[in-house]
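Spelled out, the chains give:
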Amino acid sequence: MAMSKELVAASATPMILSILNVGENYGYAIIKQVRELSGGQMQWSDGMLYPVLHRLERKGLIESFIRTSETGRKRKYYKIKKEGAKVLKEQRSDWLLVYSTLLRLWEKKPCLT
Amino acid sequence: MFDLNDQINKWRISLEQKEAYRGTDIDELESHLREEIEHLSEMKLSQEESFLVARHRIGDPGAVADEFAKINPHRIITGRLFWMVSGLLAALMLFICTIGISAICVTIAFACGFKGQVLVVLSATIKVLFLSGVLFFLYKAYKRGTITTRFRCFTCNLKGRIILISSPIISFLILQIIPIPTPSASVMASMYTPQELHIVAITSAWLHFFWRIVLFLTLAILFVRLRPTTTDQVEA
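One line per chain: the protein sequences are G and V, in this order. Under this note's numbering, think of the first position of the first sequence as 1, with each following residue one higher. Under this note's numbering, think of the first position of the second sequence as 114, with each following residue one higher.
By construction, these hints were calculated from the structure, which means they are not laboratory data. In this text, all values refer to a predicted model and were calculated from it rather than measured experimentally. Treat each hint with caution, since some may be false.
Pairs of lysine-lysine residues, derived as PhoX-like cross-links and limited to a Cα-Cα distance of at most 25 Å, are as follows [as the list claims (entries may be wrong)]:
(1) G:Lys32 x V:Lys157
(2) G:Lys79 x G:Lys89
(3) G:Lys76 x V:Lys131
(4) V:Lys131 x V:Lys253
(5) G:Lys59 x G:Lys76
(6) G:Lys5 x G:Lys89
(7) G:Lys74 x V:Lys131
(8) G:Lys86 x G:Lys74
(9) V:Lys183 x G:Lys79
(10) V:Lys256 x V:Lys131
(11) V:Lys253 x V:Lys123
(12) V:Lys123 x G:Lys74
(13) G:Lys59 x G:Lys89
(14) G:Lys59 x V:Lys183
(15) G:Lys86 x G:Lys59
(16) G:Lys32 x G:Lys74
(17) G:Lys89 x G:Lys32
(18) V:Lys183 x V:Lys131
(19) V:Lys131 x G:Lys5
(20) V:Lys183 x G:Lys5
(21) G:Lys81 x V:Lys183
(22) G:Lys76 x V:Lys123
(23) G:Lys79 x G:Lys59
(24) G:Lys76 x V:Lys256
Rough simulated footprint, nothing fancy, chain G against chain V, three-plus residues with beta-carbon under 8 Å [what the hints assert, rightly or not]:
(25) 143 to 149
(26) 159 to 172
(27) 177 to 188
Here are a few chain V residues that sit away from chain G, every Cβ distance over 12 Å (derived from the structure) [what the hints assert, rightly or not]:
(28) Leu128
(29) Arg135
(30) His152
(31) Met197
(32) Met206
(33) Ile209
(34) Val241
(35) Ile276
(36) Ile315
Every residue gets a Cβ at the ideal spot worked out from N, C-alpha and C, and that includes glycine.
Go ahead and model the full structure; you've got the sequences and the hints to work with.
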């Protein structure tokens, strides 16, 4: 069953910021990394990634620049900014809080009536 | 024969027809598409299969366009205003050219010795023929599909914008500063008897009336036919 759209949309920002926190990257490589890390479970539709990237750029969390590869291909690369790193730290603690709370709820034995 | 570049161009054109994308957005998506196709070709898929899978992975065209539209809201409004203004400018240019050409033809006819009602009928006929010719040419170009993309490319760069803005100004100045020799009302008045002038004036008025109705009807029909539809226009 496909993951809810809201969950995919909400998790996109921390995922992208985390990937860019490691180093600058471009759209196709970001999607490939998400696919690999999730074992193929998270298949973002590629076209949806770029509006998210542009929104983050507009908010001042990341910045973009064009780089030409040795093969002559022009790619738009993205880099995280200080503000983005700050937001990532906040989102990380929010997500860990949600995760630990849910884990505690699910560890309780279910009520059998 | 599957031509990859041709298919990618068709895909680009289908995106350009949606208002939500900027030129740089489409470039980025194309770069992504090409990389996906390369990656899939390495996995032993044929070029055609790679293209189809890569295009599918980009996602539902409507949903993607909606997402881009959310982050480019001003683009939609300026895009529409741009088309409105271009339409008005084009109509103005066409109007000026039609009058100019008809005036030139009438002057030549007058110099050849034609007078009176003949000149009026000639003037109206030339206008109708010229206008129909231009509209037919535009229709053919529109059917071929090249006109909207060429126009967008033309107006995307600075040179195109300068030409677009300066051409109606220049034509207007030419029309005002260099008088087009045409039998003006005062010249005609001195050459004809009052009865002849009366008939000429009435014929002219009726012809202009019908010409304007035809023009309005043509524009109304074009307006209805050229309305953007909500269905996807991509041909598989």
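Against the structure, the hints:
no.	hint	result
1	G:Lys32 x V:Lys157	18 Å, holds
2	G:Lys79 x G:Lys89	16 Å, holds
3	G:Lys76 x V:Lys131	22 Å, holds
4	V:Lys131 x V:Lys253	22 Å, holds
5	G:Lys59 x G:Lys76	18 Å, holds
6	G:Lys5 x G:Lys89	24 Å, holds
7	G:Lys74 x V:Lys131	24 Å, holds
8	G:Lys86 x G:Lys74	30 Å, violated
9	V:Lys183 x G:Lys79	23 Å, holds
10	V:Lys256 x V:Lys131	18 Å, holds
11	V:Lys253 x V:Lys123	19 Å, holds
12	V:Lys123 x G:Lys74	21 Å, holds
13	G:Lys59 x G:Lys89	16 Å, holds
14	G:Lys59 x V:Lys183	14 Å, holds
15	G:Lys86 x G:Lys59	13 Å, holds
16	G:Lys32 x G:Lys74	18 Å, holds
17	G:Lys89 x G:Lys32	23 Å, holds
18	V:Lys183 x V:Lys131	13 Å, holds
19	V:Lys131 x G:Lys5	23 Å, holds
20	V:Lys183 x G:Lys5	16 Å, holds
21	G:Lys81 x V:Lys183	23 Å, holds
22	G:Lys76 x V:Lys123	23 Å, holds
23	G:Lys79 x G:Lys59	13 Å, holds
24	G:Lys76 x V:Lys256	35 Å, violated
25	143 to 149	holds (count 5)
26	159 to 172	holds (count 3)
27	177 to 188	holds (count 5)
28	Leu128	10 Å, violated
29	Arg135	9 Å, violated
30	His152	8 Å, violated
31	Met197	27 Å, holds
32	Met206	37 Å, holds
33	Ile209	42 Å, holds
34	Val241	48 Å, holds
35	Ile276	28 Å, holds
36	Ile315	63 Å, holds
Violated hints for the displayed structure, listed by number in ascending order: 8, 24, 28, 29 and 30.
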